[in-house]
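Participant: As a plain string of letters, each chain reads:
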Amino acid sequence: MKPINQKAWFLVLPVFLCVAFSAILPLMTVVNYSVQDIISPERRVFVGTEWFAAVLRDEELHGALLRQLGFSLAVLLVEIPLGICLALSMPAQGWRASAVLVVVALSLLIPWNVVGTIWQIYGRADIGLLGAALQALGVDYNYTGDATDAWITVLVMDVWHWTPLVALLCFAGLRSIPDAYYQAARIDGASKFAVFRYIQLPKMRGVLMIAVLLRFMDSFMIYTEPFVLTGGGPGNATTFLSQYLTQKAVGQFDLGPAAAFSLIYFLIILLLCFILYNWMQSVGTQDKSEVAHG
Amino acid sequence: MARIDLDLAHAYRPDPKEDADYALLPLKMSFEDGGAYALLGPSGCGKTTMLNIVSGLLRPSHGTVRFDGRDVTALTPQQRNIAQVFQFPVIYDTMTVAENLAFPLRNRGVPADRIKARVGRIAEMLELNGQLNQRAAGLSADAKQKISLGRGLVREDVSAVLFDEPLTVIDPHLKWQLRRKLKQIHQELKLTLVYVTHDQVEALTFADRIVVMTRGRAVQVGTAGELFERPSHRFVGHFIGSPGMNFLPAALEEGGGLSVAGQPVAGAVDAVTGAALSRAEPFALGIRPEYVELEEIGDGSAHARPGTITGTVAQVQDIGTYWLVTAQAGPHTLKARLSAHARPPAPGASIALRVLNPHTCFYGADEQLIAAATVAAAQEGLA
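Protein sequence lines, in the order shown, are assigned to chains A and B. Residue numbering for the first sequence follows the numbering used here, starting at 1 and increasing by one per position. Residue numbering for the second sequence follows the numbering used here, starting at 1 and increasing by one per position.
Wrong hints could be hidden among the right ones.
Unchecked claim - 27 angstroms max Cα-Cα, derived BS3-like pairs, lysine-lysine:
{"#": "1", "chain 1": "B", "residue 1": "K116", "chain 2": "B", "residue 2": "K181"}
{"#": "2", "chain 1": "B", "residue 1": "K175", "chain 2": "B", "residue 2": "K144"}
{"#": "3", "chain 1": "A", "residue 1": "K192", "chain 2": "B", "residue 2": "K116"}
{"#": "4", "chain 1": "B", "residue 1": "K144", "chain 2": "B", "residue 2": "K190"}
{"#": "5", "chain 1": "B", "residue 1": "K144", "chain 2": "B", "residue 2": "K183"}
{"#": "6", "chain 1": "A", "residue 1": "K192", "chain 2": "B", "residue 2": "K181"}
{"#": "7", "chain 1": "B", "residue 1": "K144", "chain 2": "A", "residue 2": "K203"}
{"#": "8", "chain 1": "B", "residue 1": "K144", "chain 2": "B", "residue 2": "K116"}
{"#": "9", "chain 1": "B", "residue 1": "K17", "chain 2": "B", "residue 2": "K28"}
In case anyone wonders, no lab produced these hints; they're calculated from the structure. All values reported here derive from a predicted model rather than from experimental measurement.
Please put together the full structure from these sequences, using the hints given.
Facilitator: Here is the structure:
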């Protein structure tokens, strides 16, 4: 029998330490907060799962969660098809392609809070180009006062900011399709729609999956832009989960419930991503998903 | 089904000036209805360009394409009713094998029961019937290419089926089987087939007539026998055959005799050939390794035998079914094929190489065939 050499553990140690300090310890701190009531730095009481129970019963939170789900769903429903259409209509080669790529990517380079500020001014009814123009057209648009207007403005802002990411991913997916596929489709007499349905869409599957996951996670955690644009208002019309969480943790300093909710938030994202990923894996390719599970 | 006439040239750049600017030099060619043709040539010789022009994927920059006399130059592949199979398998990932095969028919609104019958027939021909309901994405490259072939053959009424090196990705043993299948399908369906390849064996076994191409030019159209016996261009002689034709510089001597590779050759070509040659100097003599006859000259005394030059054996290789003898005649190298039963000369031996016989061809400075030797005189000399 070979002698067992345990020194290999030392090789794993640096990784373990990095992960411990960057992920495990902060996470455990949150877990620690979530089961205690911190009254003052010296006084704390162990409360078990009480905060979790309280958070799950919280009506305000239910509202924020529903708004969040609605928002993420709307983001996906608008940005994914729009991104695909954009990618399909972008020129494939030459200087035009480069120029369009730069223009499309511009909004991705703008910092989040600046995006919020841009739209805050853009939408103002008195001096904003969009707001004033709508007012002049007779539309009673006021995102600071009207809940629907505020909600739509946040959504349009997100679409403006992030659709280019979807478009760029799809563009890359489209460029990777060999010419022979288009030639074969022409020979087979396929219509434009058939080419999209049977060649382009299946070949974009991989990048679309990434796009959906990225856009879902990002939109589910959205904070800065609505915070700058509407501050969560009017009322709580645009108070999404992370903003609600910040109000709890930093505004009211309710560390226990905030920590408990953070964990739930984390689990929700994990669960939804898992479901989305598996669903998309199985869409269109039953065989593949069987292999993945088997 | 249609007779296809090409009278065209193609350049990818807008304003072609010299020959090198053309992907396809001006050519005139016909594919007869129901014929099996091969376009044979090295990579980049323009064969795929020609195929894409026939199918309508590419519009020629000059000239016309006619199907049965009708000008179809401006028509799409669908309007021309062409089927084409590409080098790498193209399958529709989300469909089953049967749906893949049915796709060209479905797009043309063929009734469902006809589609079913036709798909069944093609699947049977290509031995895909066990996999009809399987998803095409998970299959091997072989099976995928069979699906591509099947999509090309599934329509009965096509003007022609074009194959662009379709067996490149297929395993060698399956290659034979599929090539035989294609041949069989050709005989059954009587479709016009055009097959692009750089593999001469593939071209010679598949096609009735072969178009040999090089550098944008179709240099010869003919049957396997014609290409072998009378290559009309040095490229054909060199490209067809294994190894290719031997070429030696030759000149006419005073008094009508020939000198080959600097050595006078006893025996002469006839007057007509001689006259043609005299107009075309300088020219080269070409002879296939199969037709070079060898004789050892034991004592080394170069007794001039009719139609021969002398040389030494440089190398003898056993290829299994034949001996390949490499001989050196001055600075020139010659290859000769001897049957496996023959006793090959030893390396270093002096030999007489008979290069002038009825199989000899002569080529001018433009690499075109001048004349095939009518070597009555030489044969008489032998007798």
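Participant: Against this structure, judge whether each hint is valid.
Facilitator: Now for the hints, and whether the structure bears them out:
1. B:K116 x B:K181: At roughly 21 angstroms apart (the allowed maximum being 27 angstroms), B:K181 and B:K116 satisfy the hint.
2. B:K175 x B:K144: Satisfied, since the Cα-Cα distance of roughly 14 angstroms is no more than 27 angstroms.
3. A:K192 x B:K116: Since the Cα atoms of A:K192 and B:K116 sit roughly 25 angstroms apart, the hinted pair holds (cutoff 27 angstroms).
4. B:K144 x B:K190: 25 angstroms, holds
5. B:K144 x B:K183: 20 angstroms, holds
6. A:K192 x B:K181: Answer violated: A:K192 to B:K181 is near 33 angstroms, above 27 angstroms.
7. B:K144 x A:K203: 16 angstroms, holds
8. B:K144 x B:K116: 20 angstroms, holds
9. B:K17 x B:K28: 20 angstroms, holds
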